[in-house]
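Construct the entire structure; sequences and hints are all you get.
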Amino acid sequence: MKLGEAQKITSMHLNALSQRRRTLKELLEEGQASGSGSANFDRVEITKELSAVEKEYEQTQDVADELSAMSTAIQNAEVARQQGEAIAEAAEEILKILEVFRRIAKGDKVPATDEKKLMEYSQVMYMSAKNMALMNQNCERKKHKSLWEEEPAQEEPVDPFELAANTEVGEPLAGVTAVSRSSDTGTGAAPSA
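Under full-length UniProt numbering, the sequence shown has 105 at position 105, and the numbering climbs by one with no breaks.
If you are wondering where the hints come from, they were derived from the structure by calculation, not from laboratory data.
Possibly wrong hints are sitting among the right ones.
Said to hold, decoys possible - Straight line, CA to CA, 25 Å or less: simulated PhoX-like cross-link-like pairs of lysine-lysine:
| hint | residue 1 | residue 2 |
| --- | --- | --- |
| 1 | Lys109 | Lys142 |
| 2 | Lys25 | Lys55 |
| 3 | Lys117 | Lys145 |
| 4 | Lys130 | Lys145 |
| 5 | Lys130 | Lys142 |
| 6 | Lys130 | Lys109 |
| 7 | Lys142 | Lys96 |
| 8 | Lys117 | Lys143 |
| 9 | Lys130 | Lys117 |
| 10 | Lys106 | Lys145 |
| 11 | Lys143 | Lys96 |
| 12 | Lys117 | Lys96 |
| 13 | Lys143 | Lys130 |
| 14 | Lys143 | Lys109 |
| 15 | Lys106 | Lys96 |
| 16 | Lys145 | Lys96 |
| 17 | Lys145 | Lys109 |
| 18 | Lys116 | Lys106 |
| 19 | Lys117 | Lys142 |
| 20 | Lys106 | Lys117 |
| 21 | Lys109 | Lys96 |
| 22 | Lys130 | Lys96 |
| 23 | Lys106 | Lys143 |
| 24 | Lys48 | Lys25 |
| 25 | Lys143 | Lys116 |
| 26 | Lys142 | Lys116 |
| 27 | Lys142 | Lys106 |
| 28 | Lys145 | Lys116 |
| 29 | Lys55 | Lys8 |
| 30 | Lys116 | Lys130 |
| 31 | Lys130 | Lys106 |
| 32 | Lys116 | Lys96 |
Structural data, given as structure tokens:
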């Protein structure tokens with residue numbers, strides 16, 4: 001079962017339990033208001049069922065909290081991974097710019113696109129490299145290929161919320177104790193799943 005599906009099922013189950021709890025409390029209040037002696041048996045049964053429903057509600061709420069924490073952790077991990085990739089790409093870009101600076105300063109020939117990237121990054125660095133190249137005019141010059149030629153195709157970033165919702169989590173509600181719904185209480189409520 002996917003995490004998103006489990007969260008929806010848990011939410012629906014909590015809503016059903018909340019409604020059942022509200023119904024049982026109303027029945028108890030009606031019984032106390034009427035004050036009839038024959039309602040004593042029903043009051044005990046309703047109180048027992050209300051206690052069981054509240055226990056199941058607490059267990060289901062714990063599962064919902066765990067699922068929410070799991071979803072948040074998965075989302076945070078994906079965001080951190082994406083940020084790490086962006087930082088690595090930025091560092092690689094800066095290293096390429098520094099290498100272009102070194103090559104120009106040494107007096108080597110670099111492609112115009114590489115010079116342009118250095119100029120866009122920092123006009124001061126570009127001018128410094130050109131001035132250093134003038135001083136190294138008499139040295140042997142190498143011709144270099146562009147450092148930016150092998151640009152890979154950009155992949156579409158993964159949505160952290162979508163990734164979390166599609167994560168497999170098994171059956172998280174399997175450990176929740178289900179309330180037995182007996183028709184002896186006379187509540188007439190249908191069992192909720």
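Structure-based check of each hint:
With a CA separation close to 6 Å, the supplied pair Lys109 and Lys142 stays within the 25 Å bound. Between Lys25 and Lys55, the direct Cα distance comes to roughly 15 Å. Compliance with the 25 Å bound is thereby established for this hinted pair. Using a Cα cut-off of 25 Å, the hinted pair Lys117 and Lys145 holds, with the two alpha carbons roughly 14 Å apart. In summary, the hint linking Lys130 to Lys145 is supported, as the alpha carbons are separated by about 18 Å, within the 25 Å threshold.
Between Lys130 and Lys142 the CA atoms are separated by roughly 15 Å; this keeps the pair inside 25 Å, and the hint holds. Using a Cα cut-off of 25 Å, the hinted pair Lys130 and Lys109 holds, with the two alpha carbons roughly 11 Å apart. For the given pair, Lys142 sits about 17 Å from Lys96 by alpha-carbon distance, which is consistent with the 25 Å threshold. A hinted pair counts as satisfied when its Cα atoms are at most 25 Å apart, and Lys117 with Lys143 qualifies at roughly 17 Å.
Annotation: proposed proximity of Lys130 to Lys117 holds, straight-line Cα distance about 14 Å (limit 25 Å). For the suggested pair Lys106 and Lys145, the alpha carbons sit about 15 Å apart, so the restraint of at most 25 Å is met. Taken as a hint, the Lys143 and Lys96 pair is honoured in the structure, with Cα atoms around 16 Å apart against an allowance of 25 Å. The straight-line distance between the Cα atoms of Lys117 and Lys96 is roughly 9 Å, inside the 25 Å bound, and the hint therefore holds.
At most 25 Å may separate the alpha-carbon atoms for a hinted pair to count; Lys143 and Lys130 meet this at roughly 16 Å. Pair hint Lys143 plus Lys109 holds up; C-alpha atoms about 5 Å apart against a cutoff of 25 Å. Under the criterion of a C-alpha separation no larger than 25 Å, the hint pairing Lys106 with Lys96 is consistent with the structure, at around 15 Å. Restraint check: the Cα-Cα separation between Lys145 and Lys96 comes to about 12 Å, which is no more than 25 Å; the hinted pair holds.
A distance of roughly 9 Å separates the Cα atoms of Lys145 and Lys109; the hinted pair therefore holds under the 25 Å criterion. Taking the CA atoms of Lys116 and Lys106, the gap is about 17 Å. The hint holds against a cut of 25 Å. This hinted pair checks out: Lys117 and Lys142 have alpha carbons roughly 19 Å apart, not beyond 25 Å. Using a Cα cut-off of 25 Å, the hinted pair Lys106 and Lys117 holds, with the two alpha carbons roughly 18 Å apart.
Between the alpha carbons of Lys109 and Lys96 the distance comes to roughly 15 Å, so the proposed pair stays at or under 25 Å and holds. For a cut-off of 25 Å, the pair hint linking Lys130 to Lys96 stands: about 17 Å separates their Cα positions. Taking the CA atoms of Lys106 and Lys143, the gap is near 11 Å; set against the 25 Å cutoff, the hint holds. A distance of roughly 12 Å separates the Cα atoms of Lys48 and Lys25; the hinted pair therefore holds under the 25 Å criterion.
Note on Lys143 and Lys116: the hinted pairing holds, with a Cα-Cα distance of about 16 Å set against a maximum of 25 Å. Between Lys142 and Lys116 the CA atoms are separated by roughly 19 Å; this keeps the pair inside 25 Å, and the hint holds. Between Lys142 and Lys106 the alpha-carbon distance is near 9 Å, which keeps this suggested pair within the 25 Å criterion. Distance hint between Lys145 and Lys116 is fulfilled; the C-alpha atoms sit about 14 Å from each other, no more than 25 Å.
With a C-alpha separation of about 20 Å, the suggested pair Lys55 and Lys8 falls inside the 25 Å cut-off, and the hint holds. As the CA atoms of Lys116 and Lys130 are separated by approximately 13 Å, the hinted pair is consistent with the 25 Å bound. Taking the CA atoms of Lys130 and Lys106, the gap is near 9 Å; set against the 25 Å cutoff, the hint holds. With a CA separation close to 12 Å, the supplied pair Lys116 and Lys96 stays within the 25 Å bound.
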